[in-house]
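Chains W and U, in that order, give the protein sequences. Start counting the first sequence at 1; every next residue gets the next number (UniProt numbering). Start counting the second sequence at 1; every next residue gets the next number (UniProt numbering).
Heads up, a few of these hints could be off.
[What the hints assert, rightly or not] Here are a few chain U residues that face chain W, going by a calculated C-beta distance under 8 Å:
(1) PHE108
(2) ASP112
(3) SER134
(4) PRO149
(5) PHE173
(6) ALA176
(7) ALA177
(8) SER181
(9) VAL184
(10) PHE185
(11) MET204
(12) PHE308
(13) GLU309
[Claimed, not checked] With a straight-line cut-off of 27 Å between C-alpha atoms, the simulated DSS-like cross-links for lysine-lysine are:
(14) W:LYS21 with W:LYS171
(15) W:LYS261 with W:LYS176
(16) U:LYS191 with U:LYS77
(17) U:LYS92 with U:LYS293
(18) W:LYS303 with U:LYS141
(19) W:LYS302 with U:LYS120
(20) U:LYS231 with U:LYS251
(21) U:LYS231 with U:LYS293
(22) W:LYS303 with U:LYS77
(23) U:LYS251 with W:LYS303
(24) U:LYS83 with U:LYS105
(25) W:LYS261 with W:LYS343
(26) W:LYS302 with U:LYS141
(27) W:LYS303 with W:LYS21
(28) W:LYS302 with W:LYS171
Derived by calculation from the structure, the hints in this document are not laboratory data. In this text, all values refer to a predicted model and were calculated from it rather than measured experimentally. Virtual Cβ for every residue (Gly too), placed ideally from N, Cα, C.
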Amino acid sequence: MSRYEQLIKDLGPQKFNMRGKLWMGFLLLLIAAGVIAYIDQLIQGQVVTNMRDYVLWGVYISNFVYFVATSFVAAIAVAALRLTNSEWRRPFVRVAEIVAVACIIMAGITIIIDMARPDRMLNLFIHARLQSPITWDVIIIPTFMVVSILLLYFPLLPDLAILRDHYAKTKPRLSKIYGFFALKWNWAAQQVKLQKRSVHLLALMIIPLGLILESIDAYLFSTTYRVGWDSSNFAPYFISGAMVAGLGALITVAYIIRRDKKLESYITDYHFDKFGKLFNLALLIYVYFNINEYVVPLFTSKKAESEHLETLLSGEYALPFWLVSIAGLLLPALLTLFKRFRKPRALFYIAVVAVIGAWWKRYLIVTPTLLHPFLPIQGVPESWRHYFPSLHEWLITSATLAMALLIITLLVRYVPIISIDRLAAEEGLPESKHPESKHKEAAV
Amino acid sequence: MEENNKDARRKFLNNGWKLGLASILGAGALAHLKDGFAFEGSGESIELMDADGNIIEVDSTELEAMAHHMVPHDVRKGIPGRKFVMVVDLAKCQNALACQRACNKHHFVTGDNAWLKVYKMQETEDTSPYWMPSLCMHCDKPACVTVCPVDATFKREDGLVLIDNDRCVGCRFCMAACPYSTRVFNWNDPKQEFELSMDVVEQMHSPEHAGMPSVKGTVDKCDFCPHQAVKGELPHCVTACPNGVFYFGDKNEDTVTNGNETVRLSELLEKNAGYRLFEEMGTDPSVYYLPPKDRLPFEEGLDNYNEFESVEKPDATVENPEAS
Numbered sequence: 001m002s003r004y005e006q007l008i009k010d011l012g013p014q015k016f017n018m019r020g021k022l023w024m025g026f027l028l029l030l031i032a033a034g035v036i037a038y039i040d041q042l043i044q045g046q047v048v049t050n051m052r053d054y055v056l057w058g059v060y061i062s063n064f065v066y067f068v069a070t071s072f073v074a075a076i077a078v079a080a081l082r083l084t085n086s087e088w089r090r091p092f093v094r095v096a097e098i099v100a101v102a103c104i105i106m107a108g109i110t111i112i113i114d115m116a117r118p119d120r121m122l123n124l125f126i127h128a129r130l131q132s133p134i135t136w137d138v139i140i141i142p143t144f145m146v147v148s149i150l151l152l153y154f155p156l157l158p159d160l161a162i163l164r165d166h167y168a169k170t171k172p173r174l175s176k177i178y179g180f181f182a183l184k185w186n187w188a189a190q191q192v193k194l195q196k197r198s199v200h201l202l203a204l205m206i207i208p209l210g211l212i213l214e215s216i217d218a219y220l221f222s223t224t225y226r227v228g229w230d231s232s233n234f235a236p237y238f239i240s241g242a243m244v245a246g247l248g249a250l251i252t253v254a255y256i257i258r259r260d261k262k263l264e265s266y267i268t269d270y271h272f273d274k275f276g277k278l279f280n281l282a283l284l285i286y287v288y289f290n291i292n293e294y295v296v297p298l299f300t301s302k303k304a305e306s307e308h309l310e311t312l313l314s315g316e317y318a319l320p321f322w323l324v325s326i327a328g329l330l331l332p333a334l335l336t337l338f339k340r341f342r343k344p345r346a347l348f349y350i351a352v353v354a355v356i357g358a359w360w361k362r363y364l365i366v367t368p369t370l371l372h373p374f375l376p377i378q379g380v381p382e383s384w385r386h387y388f389p390s391l392h393e394w395l396i397t398s399a400t401l402a403m404a405l406l407i408i409t410l411l412v413r414y415v416p417i418i419s420i421d422r423l424a425a426e427e428g429l430p431e432s433k434h435p436e437s438k439h440k441e442a443a444v
Numbered sequence: 001m002e003e004n005n006k007d008a009r010r011k012f013l014n015n016g017w018k019l020g021l022a023s024i025l026g027a028g029a030l031a032h033l034k035d036g037f038a039f040e041g042s043g044e045s046i047e048l049m050d051a052d053g054n055i056i057e058v059d060s061t062e063l064e065a066m067a068h069h070m071v072p073h074d075v076r077k078g079i080p081g082r083k084f085v086m087v088v089d090l091a092k093c094q095n096a097l098a099c100q101r102a103c104n105k106h107h108f109v110t111g112d113n114a115w116l117k118v119y120k121m122q123e124t125e126d127t128s129p130y131w132m133p134s135l136c137m138h139c140d141k142p143a144c145v146t147v148c149p150v151d152a153t154f155k156r157e158d159g160l161v162l163i164d165n166d167r168c169v170g171c172r173f174c175m176a177a178c179p180y181s182t183r184v185f186n187w188n189d190p191k192q193e194f195e196l197s198m199d200v201v202e203q204m205h206s207p208e209h210a211g212m213p214s215v216k217g218t219v220d221k222c223d224f225c226p227h228q229a230v231k232g233e234l235p236h237c238v239t240a241c242p243n244g245v246f247y248f249g250d251k252n253e254d255t256v257t258n259g260n261e262t263v264r265l266s267e268l269l270e271k272n273a274g275y276r277l278f279e280e281m282g283t284d285p286s287v288y289y290l291p292p293k294d295r296l297p298f299e300e301g302l303d304n305y306n307e308f309e310s311v312e313k314p315d316a317t318v319e320n321p322e323a324s
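Using the sequences provided together with the hints, build the complete structure.
Structure, rendered in structure tokens:
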């Protein structure tokens, strides 16, 4: 087998093995349960949730914030590293694009799940009011979605063409599908030039778009009078949190793919070490913003805010708060300082814990605040003073997470997760049609 | 013209009840005066101000007391020339809850959270407790209106903040934004069938009578009863209160009434050191409070106090129907 064929075999589409099939079945099961729960929610109303007039936003919103945060990985791991010519990004780039696309799509869906009248969704366009942060979201989420999809798609064109050609004889139907998406790609100088430019432009765009996306997400909260939300620190706090959530998800997914597809020679310890350092930077910045958000206010907090902080630090939410802060943030920040914790396996476990922490972190940002209104909670059933998601909410939320994983799984199944085209060109393989391929240069 | 006549009445009020024409909002005790309204002899002309503020002269015989009926006006703009306000005298409140019952009844509130609530307040252990009725503050800088993505909740020129339940998308951002926790959500089908006939609903359905009907998946709240104002009547809570806690009126006229007495808004606020809730937030509420000085005995309200209920259920045996 030639090196070129080896590349295609390693990186090209692979049929699901038994474990893969079980995984797919598991995801589909979760999604089916969530869809049923959602239909029931449509029929009965949001009464099936445990949200009420005081805790008026719950796990749907915190899950939405989590998806938005994770999608930021496209801006940091793809675009920022591309613009700084950090070559070590290469084996992670496509995984990052895939994670970002899956998460921003699910963010869009999750926010609709929270709307009590999705049948009136068009009102958001017909009667849109520009001063509402929700309208900003309506504008930025689809924009970010399109740009991140293009940022996944454009660099993929040569690989799709490679697979089209590769399967032309053995699997004509698959070849046709790849051919359809390859947009007649044939490595013409004009195509390559245009593609290079477009990708560069998209990478330039996704950074400000990502920053705007995370900021607007923060503005949803900080434009209200609520204690714990009414903070000018919130937008950078969300951006730094998004770096942690995004890189954590990226490292997790990349490690699993590497193990499952046995790509140890493509994604090496060196790459994990580099990403571990970037992850460490993100974690340290996030620690800094958490200090600004939870420690500094202790000095000047007004009565309502003091109560809120107390609930987090020593009250009802103390256990999850400290778990998230220590296990999900401080420990990862500390451990990733050391080289041996940036080895693939160790880094994977740290990233998994940080990702779980990041998800619960959003829950802790949304819920406790709402339990501390300015006027006392009176005249409503006792149960309204607490919040924990209902079965419907858990089923639906699990389904959204499963859908994100399903999108990632399917893309990883059919799309080369490292660019075959680029590897072939770099290694100067004779089959490479890339105009900058080393064997062509040598020939000239 | 309808509006000219209304403005004319305001002018008369300002000139010291020259002609004894009752104000729409001075209803209650003053309403009967309008029937005795008459002019004697012609040739006597009167200066009036029209809707644009121009002074015009009209022969007094041409003036006629108008009957109060529905004034056609733009629901989103409000009743022209008005600026509705309320004053809540905490000294008089003893948690009788007649206001809440009347509000629940006339707005067909079926949920678990009343639109008008009487809070048991006590700032610190050393300060004494008092009862504080709270309803929508109809802020002049309403946080809820700012964040609404679809203009479903809107601010009118007459000061009211209302909700278009046919447009609301149910995002609940307004509820998060309101610092007064005044907004309630229809988490399920409001099930008002027992209280509302379909004919009535179709005829009356308007943001000017919130809860008529309530719509599943949308937000409700106190509407300051504009459906009463256009009839020349006071909001339900005002008339229901046995202690005259609520004064309702028009800031432009500087007049408020609790049904028994009609007073100058500015004097009332000045004499009693009136204030507004959370002034520091800059929401500019339309509801003023008079501090609970020399108040009715606090303890008498404790019998009525129910920490966990503000809407009485028609059938007490029905356990919380929302438990699912």
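TODO: Sort out which numbered hints this structure fails and list those numbers smallest first.
DONE: As far as the earlier hints go, 1, 11, 16, 21, 22, 23, 27, 28 are violated by this structure, in ascending order.
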